[in-house]
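Asks: Residue numbers (our numbering), protein chains in the order written: chain G, 401 to 642; chain Y, 401 to 642.
These aren't lab readings, by the way, just hints derived from the structure by calculation.
From a predicted model like this one, the values you see are computed outputs, not experimental measurements.
Accuracy of the hints is not assured; some may be wrong.
Identical chains blur together in the list; that is why a pair holds if it fits in one copy or across any two.
Said to hold, decoys possible - With a straight-line Cα cutoff of 27 angstroms, these simulated DSSO-like cross-link-like pairs (lysine-lysine) come out:
1. Lys423 with Lys555
2. Lys555 with Lys458
3. Lys580 with Lys423
4. Lys529 with Lys427
5. Lys458 with Lys423
6. Lys619 with Lys555
7. Lys427 with Lys580
8. Lys555 with Lys427
9. Lys458 with Lys427
10. Lys423 with Lys619
11. Lys529 with Lys580
12. Lys619 with Lys427
13. Lys458 with Lys619
14. Lys423 with Lys529
15. Lys555 with Lys529
16. Lys619 with Lys580
17. Lys580 with Lys458
Protein chains: 2
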Amino acid sequence: MHVARAFSCHLSLADMSQQMSFKELMKVLGLGAVALVLGVEWINWLMRRLRDSRGPLKEVLFFPSPQVCVEHLFIRHKHFPCACPLPHGVETSFSRLLMHLLSARMSLDLCVFSFSHMELSRAILLLHKRGVVVRVVTDRDYMTITGSQIGALRKTGICVRHEMSSAVHMHHKFALVDGKKLITGSLNWTLTAVQSNKENVMVTEEPELVGPYQQEFQKLWEANDPANHKPGQLNIKTCKDR
Amino acid sequence: MHVARAFSCHLSLADMSQQMSFKELMKVLGLGAVALVLGVEWINWLMRRLRDSRGPLKEVLFFPSPQVCVEHLFIRHKHFPCACPLPHGVETSFSRLLMHLLSARMSLDLCVFSFSHMELSRAILLLHKRGVVVRVVTDRDYMTITGSQIGALRKTGICVRHEMSSAVHMHHKFALVDGKKLITGSLNWTLTAVQSNKENVMVTEEPELVGPYQQEFQKLWEANDPANHKPGQLNIKTCKDR
Chain G
401 MHVARAFSCH LSLADMSQQM SFKELMKVLG LGAVALVLGV EWINWLMRRL RDSRGPLKEV
461 LFFPSPQVCV EHLFIRHKHF PCACPLPHGV ETSFSRLLMH LLSARMSLDL CVFSFSHMEL
521 SRAILLLHKR GVVVRVVTDR DYMTITGSQI GALRKTGICV RHEMSSAVHM HHKFALVDGK
581 KLITGSLNWT LTAVQSNKEN VMVTEEPELV GPYQQEFQKL WEANDPANHK PGQLNIKTCK
641 DR
Chain Y
401 MHVARAFSCH LSLADMSQQM SFKELMKVLG LGAVALVLGV EWINWLMRRL RDSRGPLKEV
461 LFFPSPQVCV EHLFIRHKHF PCACPLPHGV ETSFSRLLMH LLSARMSLDL CVFSFSHMEL
521 SRAILLLHKR GVVVRVVTDR DYMTITGSQI GALRKTGICV RHEMSSAVHM HHKFALVDGK
581 KLITGSLNWT LTAVQSNKEN VMVTEEPELV GPYQQEFQKL WEANDPANHK PGQLNIKTCK
641 DR
C-alpha cells in the first residue's frame with residue numbers, strides 16, 4: 401500500500417517535471433522556498449509574541465529534589481546513553497537549576513555562602529573551561545570547611561573573593577547568568593540542601609529584579625578586592641581579576 | 401510682610417463674601433469642593449496608571465540594615481515623637497521589611513528556618529492581636545534554640561507547625577502577606593542576619609511568583625499537621641488550626 405502510494409507520488413512528480421519547463425520548475429521551487437521561510441518566520445514571530453505577552457522568565461523551583469541522572473546536561477552530544485543506575489530522562493528542580501546555570505555563554509557571577517555540591521562544582525568548572533567569565537564571592541569561614549569546592553575552583557584559575565570580616569557572614573545564595581538571568585533563594589550549594597532540605601530557588605529575567613542583584617554583586621566584588629587586604633590575610637589572589 | 405499679605409488675603413475674602421449672596425457663596429464653595437474631589441480622583445487615577453504600567457510590585461532589600469527607630473511602624477497614631485536614642489525618620493531595608501509585614505490585613509503565612517528577632521516577633525504578635533490569621537511553619541531543631549521566638553508566638557495562640565523529620569531542615573525564609581505579597585530571600589529572622597550579615601530579601605506581588613510559594617506553604621502546612629503525628633512527638637497543638 402505505502403509502496404504503491406510512494407510510486408504514484410514519484411510518478412506524478414516525474415510527470416510534472418516532464419510537463420514543466422526547467423524555468424517553471426525553478427519558479428515553483430523558488431516560491432516554495434520563500435513560502436517555507438516566511439512560514440518559519442511567522443511561527444517565530446508568533447512564539448515571540450506569546451513569550452512577550454507572558455513577560456520575562458519567572459520560574460520557581462522547590463527542593464528537596466529527587467536524585468536523577470543529569471549526565472546529558474554536561475555532555476551535549478554523547479552517542480551512547482548513560483549507563484548509571486539513576487532514573488534517566490526525568491526533569492527535576494535540580495536538573496532545571498543545572499540547566500539554567502549551564503546556559504551561561506558570557507559570564508557567571510556567583511554569590512554563595514556554602515558550596516560543597518560536586519555536580520554544581522562540575523558545572524562551574526565546565527563553564528570556566530568553555531570560556532565563560534566566572535566570578536565567585538563567598539563566606540570566609542565556610543569556604544574552608546571540609547568538602548568545600550572553593551579550593552577546586554581557585555585551582556583552575558576561577559576568581560574567588562570572600563567576605564573580609566570573620567564576624568559577618570556572606571549569606572547570599574544567588575547567581576547571575578550573563579548579567580540577565582537571576583537565580584536566587586534559600587538554597588546553599590550543598591548536597592543536603594539539594595537532596596534533603598525544604599528549600600526554594602527563583603529564576604527570573606525580570607530586569608527590575610536582576611538589576612539590584614547585579615549591583616549588589618559588583619559592590620561585594622569591589623569591597624572584597626584582595627588589593628585592599630593586608631598581606632598575610634586569608635585571601636589568596638590566584639586568578640587574573642577582571 | 402507675611403502679616404500684610406495674610407491681612408490683604410483675609411480682606412479680599414471678606415470683601416468677596418460681602419459682595420456675594422449666601423447662595424452664591426455656597427455655590428462657589430460647592431463647586432470648589434467638587435473640583436477638589438475630582439482633582440484628587442484624577443491624581444489617584446494617574447498614580448494607578450503609572451503603577452500598572454510598571455507591573456506588580458517588585459522590590460529588593462539588601463542587608464545588613466543600619467539600626468534606626470521603627471516605633472512609628474508599630475504605633476500608628478502616637479502623639480509624641482519617640483524619645484529613643486536611635487536615628488528617627490530614616491527608611492532602611494529592615495523598616496521596609498517591617499512595613500511590608502505590617503501591611504497584612506487578612507492573613508500572614510510564614511515559613512522561616514530560624515526566628516529570634518524581637519522586633520519581627522513583636523510585628524507578628526501585633527498582627528495576631530489585630531485579628532490577622534497567622535500561620536507559621538518552622539524548623540524542628542531551630543525552633544527550640546535559645547532566643548527563639550516560636551514559643552512566644554505559640555503562647556498567644558498563633559498556629560505553629562514544624563518540620564517532622566529531625567534529619568531534614570525546613571530552610572525556607574519566606575512570608576505571604578494576604579496571599580498576594582511574597583517576601584522571600586536569604587534572610588533568617590535573627591538579629592545577626594538583619595544587622596550584620598550580607599543578605600537579600602525580595603518583595604513581589606507578581607502572581608506567577610506568589611502562586612507557587614502559596615502552594616508550597618499549603619503543602620508544608622498540611623504535611624506537618626499535628627493530627628498526623630504520633631502522641632509524644634515534639635509537636636504541641638496550642639492553637640485552633642485553620
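Asks: For each hint, tell me whether it holds in the structure or not.
Replies: Each hint, compared with the structure:
Proximity of Lys423 and Lys555 under a CA criterion of 27 angstroms is satisfied in neither setting, with 63 angstroms inside one chain copy and 89 angstroms between copies. Taking identical chains as interchangeable, the C-alpha atoms of Lys555 and Lys458 are never at most 27 angstroms apart, the minima being 34 angstroms within one chain and 39 angstroms between chains. Proximity of Lys580 and Lys423 under a CA criterion of 27 angstroms is satisfied in neither setting, with 50 angstroms inside one chain copy and 65 angstroms between copies. Taking the closest pair of Cα atoms, Lys529 and Lys427 never come within 27 angstroms of each other, the shortest separation being 47 angstroms inside a single copy and 80 angstroms across copies.
For the identical chains of this complex, Lys458 and Lys423 are neighbours neither inside a copy (51 angstroms) nor across copies (61 angstroms), given an alpha-carbon limit of 27 angstroms. For a Cα distance limit of 27 angstroms, the shortest separation of Lys619 from Lys555 inside one copy, 25 angstroms, qualifies, whereas the shortest one across copies, 43 angstroms, does not. Taking identical chains as interchangeable, the C-alpha atoms of Lys427 and Lys580 are never at most 27 angstroms apart, the minima being 45 angstroms within one chain and 59 angstroms between chains. Within a single copy, Lys555 and Lys427 get their C-alpha atoms no closer than 60 angstroms, and across copies no closer than 83 angstroms, so neither meets the 27 angstroms cut-off.
For the homomeric pair Lys458 and Lys427, neither the shortest alpha-carbon distance inside one copy (46 angstroms) nor that between copies (55 angstroms) is at most 27 angstroms. Taking identical chains as interchangeable, the C-alpha atoms of Lys423 and Lys619 are never at most 27 angstroms apart, the minima being 66 angstroms within one chain and 66 angstroms between chains. Within a single copy, Lys529 and Lys580 get their C-alpha atoms as close as 21 angstroms, which meets the 27 angstroms cut-off; across copies the closest is 43 angstroms, which misses it. Taking the shortest Cα distances, Lys619 and Lys427 never come within 27 angstroms of each other, neither inside one copy (61 angstroms) nor across copies (61 angstroms).
With identical chains, the CA atoms of Lys458 and Lys619 are at most 27 angstroms apart both within one copy (25 angstroms) and between copies (21 angstroms). Taking the closest pair of Cα atoms, Lys423 and Lys529 never come within 27 angstroms of each other, the shortest separation being 50 angstroms inside a single copy and 86 angstroms across copies. Proximity of Lys555 to Lys529 under the C-alpha cut-off of 27 angstroms is restricted to the intra-copy arrangement: shortest distance 13 angstroms within a copy versus 56 angstroms between copies. Taking the closest pair of Cα atoms, Lys619 and Lys580 come within 27 angstroms of each other only inside a single copy of the chain (17 angstroms); across copies the shortest separation is 31 angstroms, beyond that limit.
Taking identical chains as interchangeable, the C-alpha atoms of Lys580 and Lys458 lie at most 27 angstroms apart whether they share a chain (12 angstroms) or sit on different chains (16 angstroms).
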